[in-house]
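K.L.:
Chains H, E and S supply the protein sequences, listed in that same order. Counting along the first sequence from 1, when you hit position 140 you're at 140 in this note's numbering, and nothing is skipped either side. Counting along the second sequence from 1, when you hit position 419 you're at 419 in this note's numbering, and nothing is skipped either side. Counting along the third sequence from 1, when you hit position 284 you're at 284 in this note's numbering, and nothing is skipped either side.
Misleading hints may appear alongside valid ones.
Distance condition first, Cα-Cα at most 20 Å in a straight line; then the derived SDA-like pairs of lysine to any residue [stated by the list, open to error]: (1) H/K52 <-> S/A9; (2) H/K125 <-> E/A248; (3) E/K354 <-> H/N123; (4) H/K70 <-> H/L114; (5) S/K27 <-> E/E421; (6) S/K270 <-> E/A248; (7) H/K125 <-> E/E421; (8) E/K354 <-> H/W118; (9) S/K26 <-> E/E421; (10) E/K354 <-> H/C106; (11) S/K270 <-> H/R156; (12) H/K75 <-> H/R115; (13) H/K52 <-> S/Q79.
In case anyone wonders, no lab produced these hints; they're calculated from the structure. Computed from a predicted structure; not experimentally measured.
In case you want the letters, here they are:
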Amino acid sequence: MATGDQPVMNPGGPLSGTVARRRFVEALLGGGFLATAVAFVYPVLRYLVPPKTSDLGGDSVVAARVGELKPNSGKIFRFGSRPGLLIRTADGNYRALSATCTHLSCTVQYRDDLREVWCACHNGKYNLDGRNLSGPPPRPLEAFDVQVRGDEIFVRRRREA
Amino acid sequence: MATSQNKKRSRAAGRPHWLLGFLLLAVSLSFGQTKNSCLDCHSVLPEPLGVTAEKFSQDIHAQKGLTCASCHGGDPASDDAEKAMNRKTGWRGHIERKQIPQLCGSCHSDPAYIRQFNPSLRTDQLAQYHTSVHGKRLAMDDTKVAVCTDCHSVHDLRAPSDPRSSVNPVNVAKTCSRCHADANYMKGYSIPTDQFAKYTASVHHEALAVRSDLSAPTCTTCHGNHGAAPPGVDKVQNVCSTCHVFQAQMYEKSSHKDAFQAASFPGCVVCHSNHGITHPTDAMLGTGPQATCMQCHTPGDACDQARAALLTDLNQLDQAIKHADQALSFAESSGMEVSEARLAQNQARDSLTKARVTIHSFRKDLVDQDIQAGVATAARNLQAGQKAMAERNYRRLGLGISLLAISIVLAGLWLYIRQIES
Amino acid sequence: MNASRSLRAWLDQRFDWDNLVAPLRKKTVPLHRLSYWYFLGGITFFLFLIQVLTGILLLLYYRPGANEAFESVQYIMTQVQFGWLIRSIHSWSANLMIFTAFAHMFSVLFLKAYRKPHELTWVSGVILLFLVMGFGFSGYLLPWNTLAFFATKVGTEITGQVPLIGKPLMIFLRGGEEVTGATLSRFFGFHVALLPGLATLLLLIHLLLVQRLGISVPPRLEMEWAANPAVKREMKFFPNFLLRELMAWYVALGVLGALAAIFPWNLGVKADPFAPAPAGIKPEWYFLFMFQTLKLLPPKVGFIDGEILGVLAFGLVGLLWLLLPFFERDQPSRSRHWITGVAVFALAYIAGMTVYGHFAK
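Sequences and hints are given; from them, build the entire structure.
P.N.:
In structure tokens, the structure reads:
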């Protein structure tokens, strides 16, 4: 209850015992503060360093690098939580479509022999604009915008939220 | 045209302009309308002679400008019943069932005529009908069979694309069932009457009527509509293969094709049934109540062993996928991010779908290719899930260390407080 | 110690430091059976500081805007080093802070610390409580997930029920007729600029008043100590109470860390304005008691619409709550029991309705 901020010396005991006690408490406190400060500052410092994979926002994704795809071939890439299909046509242009078949959600692929998008599950076919041509698919595939910037190929959703 | 309204036309001279204008308007309006004396009586007569104007307005023929006389003949301009309904001047009256296809065909088989209304409408319906079971039996004077009006309705006939039409794909099965599910009506014919009941329990019905997937088949998809007939025992897989391409391709090259053909078994129908097609399961390869293979094969023979091996393969992949899913769920509920692996699980599931198609080749080596691809993917995803759990544990370790540091501080503070207050 | 002495001298020469902190040295905290409740205000303040710190860190990566908000939070949770920790601490601390703010308010109510001359401390505190709930409501929308989207829709819809000013108020809150990306931008502005500004101002007033007026003591004890000063027990604020407060803060920090690591905050599913609302949408727990009340009210009470009546009633209660201290007359006993009764009822009602709302379908 006393509010002095100097320790009352233990009248009967050795001086060194109390001082040692004081040192111990100070060490404990100092060490504890240091430890908690580190445990606190370390994550914050790591947090401040931007990660390697840059966040492009939900609408835009790097689907591939220039030169990765040969003409008349396709590649599945990740777009948000769903797969996308990047196609390099025979004349070198890029097209990007949603790769989720509109029939029963299998992942579609590019057929270089048919030059069409094809679903292996039930033989659904789409043209390069995503339009459903034949087979079970009831709706076209969603088409995305493709932009080549430098040596990266960006795919972006068309609609605005 | 000498209509009664025309006779009311009066001379312009000496009349006010507005009256002239009104009269010209009345005249021009009435110019387009043909008088239809048939409806005057028949719209108020009771069934079966009665056809209300409202009902007939739903008919696509009426909407295209055709009238009662177009099919029934007679003179709609005349109010005198004897003149209007005179067989000598072409009135046909009630059309006999046997005459109906010919009557409809008189326009619908004439390409030049139909072109005026809908150039892309087919004109071979009558020809097809003659090849059908219905057409052939009608030619033998069996008037119980379906004629055009039985399926398409009459006087309120709608285009097939209209969802209220009795021949709209979603409604076709019900239309066929009106006769084919009626045991009394079908007495005397040697075909069963349970097709509709079986079909409504099938996957195809669920797809078409419930999920509105118009790519799913109804009666006419497999049997034909105008040329309706069963495909024939040896042609069944041709019909199924129009949609189920890969399964058919696998089956064509398989041992079962020749065996079934030799025994005159109806291909796909042997295992999958025709009308009551349910969702196939891996259990069909098993030995339980849904066992399909064992309905023919002898336990212990080479085929039984092959079957067991195929089932084991499928189960292996199924289990691998479930195992990975579980690990990923656990990681997710612990707050870890595993969406990439979740996405890749779709690939593993695709492999399983493919394997189940490849089953139709009845060759273990082909099925194994799909299985192994799927198992590899599932294994990778399982690893991702386990990595996420390792990260989670690392976090808990970090937490433990921080809590230790905090407890040291708390101990230090408490001691310090005691110290300065002693 | 030489270093700290010369530092103090330096500060004193430039800030008149010693005179500035002199009152602090003299500040005392009353010691009695219920002194532990005094920690709550400080803990709430600590959690507020945590919110400011983690909030600023989140601001470095968060992107407001319907296109990017969800993805940026996902990015923070998955790609940024310790992003999951910062974000989870922010979310947990928010909930804890609202809880301790309510607890602090009720402890003040039961300990009767709102009496003269502390009325303005109470008023500033109640306004702070409203601001804190505003922080919760605006912050909840920022990740732009389905639950938040529909909770905001329902919440702002209810605001629109207030007669006369309801509709314009709703449009002001939503940034339009419906909840859209514009609402998100607006809520973001509220959450990181408007509300922090107002809260800082009110906090300064609140803390200044506490400093200047000293800490209140329950009435009966007050009378005892006035009669017999020798019985009075006090503790120096600096360093004794402050050290104990520091312990409480460290405990709170430990609790937060544990919650963040063991129960990281959910990401949810990205909001789709065109999808139908999921069944059983409920607001966050601190709004549940009001929400559940509105659900239980009949569609019509007399000639007034039930929901409007509910909203108006809550508005009225809020206003009365703000002005509570001014209802206490100088005759201590009767009005005090009355207010205690109200306090008990309010606590029971809020707690009961929250639990009910949580378990109701």
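K.L.:
For every hint, state whether the structure bears it out.
P.N.:
Hints, verified against the model:
no., hint, in the structure
1, H/K52 <-> S/A9, "47 Å, violated"
2, H/K125 <-> E/A248, "18 Å, holds"
3, E/K354 <-> H/N123, "12 Å, holds"
4, H/K70 <-> H/L114, "16 Å, holds"
5, S/K27 <-> E/E421, "17 Å, holds"
6, S/K270 <-> E/A248, "41 Å, violated"
7, H/K125 <-> E/E421, "83 Å, violated"
8, E/K354 <-> H/W118, "14 Å, holds"
9, S/K26 <-> E/E421, "17 Å, holds"
10, E/K354 <-> H/C106, "10 Å, holds"
11, S/K270 <-> H/R156, "17 Å, holds"
12, H/K75 <-> H/R115, "14 Å, holds"
13, H/K52 <-> S/Q79, "9 Å, holds"
Comparing the model with each numbered hint stated earlier shows that hints 1, 6 and 7 do not hold.
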